[in-house]
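Chemist: Sequence:
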Amino acid sequence: MTRKQLQDKLDELKSDYVRIQGDLDKLEYVRGRVSSAEEQLIRLEGEIAEVHRQLDELNTYQDMS
1 MTRKQLQDKL DELKSDYVRI QGDLDKLEYV RGRVSSAEEQ LIRLEGEIAE
51 VHRQLDELNT YQDMS
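In this text, residue positions in the sequence shown follow the numbering used here: the first is 1, and each later residue adds one.
It is worth saying that the hints were derived from the structure and are not from the lab.
What you were told as hints is all true, and nothing was included just to trick you.
Taking lysine to any residue and the SDA-like style, the derived pairs with C-alpha atoms no more than 25 Å apart in a straight line are:
{"id": "1", "residue 1": "Lys4", "residue 2": "Glu57"}
{"id": "2", "residue 1": "Lys9", "residue 2": "Gln40"}
{"id": "3", "residue 1": "Lys14", "residue 2": "Ser35"}
{"id": "4", "residue 1": "Lys14", "residue 2": "Leu58"}
{"id": "5", "residue 1": "Lys9", "residue 2": "Leu58"}
{"id": "6", "residue 1": "Lys14", "residue 2": "Thr2"}
{"id": "7", "residue 1": "Lys14", "residue 2": "Asn59"}
{"id": "8", "residue 1": "Lys26", "residue 2": "Asp16"}
{"id": "9", "residue 1": "Lys9", "residue 2": "Glu50"}
{"id": "10", "residue 1": "Lys4", "residue 2": "Lys14"}
{"id": "11", "residue 1": "Lys14", "residue 2": "Arg33"}
{"id": "12", "residue 1": "Lys9", "residue 2": "Ala49"}
{"id": "13", "residue 1": "Lys26", "residue 2": "Glu47"}
{"id": "14", "residue 1": "Lys9", "residue 2": "Thr60"}
{"id": "15", "residue 1": "Lys9", "residue 2": "Asn59"}
{"id": "16", "residue 1": "Lys4", "residue 2": "Arg19"}
{"id": "17", "residue 1": "Lys9", "residue 2": "Gly46"}
{"id": "18", "residue 1": "Lys4", "residue 2": "Leu58"}
FRET-style restraints, in silico, Cβ to Cβ:
{"id": "19", "residue 1": "Lys14", "residue 2": "Glu57", "range": "15 to 23 Å"}
{"id": "20", "residue 1": "Asp25", "residue 2": "Thr2", "range": "33 to 41 Å"}
{"id": "21", "residue 1": "Gly46", "residue 2": "Gln5", "range": "17 to 25 Å"}
{"id": "22", "residue 1": "Asp63", "residue 2": "Glu38", "range": "35 to 43 Å"}
{"id": "23", "residue 1": "Val34", "residue 2": "Asp63", "range": "38 to 46 Å"}
{"id": "24", "residue 1": "Leu27", "residue 2": "Gln5", "range": "29 to 37 Å"}
{"id": "25", "residue 1": "Val18", "residue 2": "Met64", "range": "29 to 37 Å"}
{"id": "26", "residue 1": "Asp8", "residue 2": "Met64", "range": "20 to 28 Å"}
{"id": "27", "residue 1": "Ser36", "residue 2": "Met64", "range": "41 to 49 Å"}
From a predicted model like this one, the values you see are computed outputs, not experimental measurements.
Ideal Cβ placement from N, Cα and C applies to all residues, glycine included.
Using the sequences provided together with the hints, build the complete structure.
Modeler: So, in structure tokens, the structure goes:
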């Protein structure tokens, strides 16, 4: 993936994370089931970390060039 594609993916993941965090807050307020939202947040955290890793790798590769 290109740097732009990775950055776009990161922006999308962050947006999803914020949205789900808001949903989780609402579920907690009404004492709803939060486990599904928590699982989604954990999955997104992993995906965000992976995109950061790919960006770091891309930066390292470009620094070597």
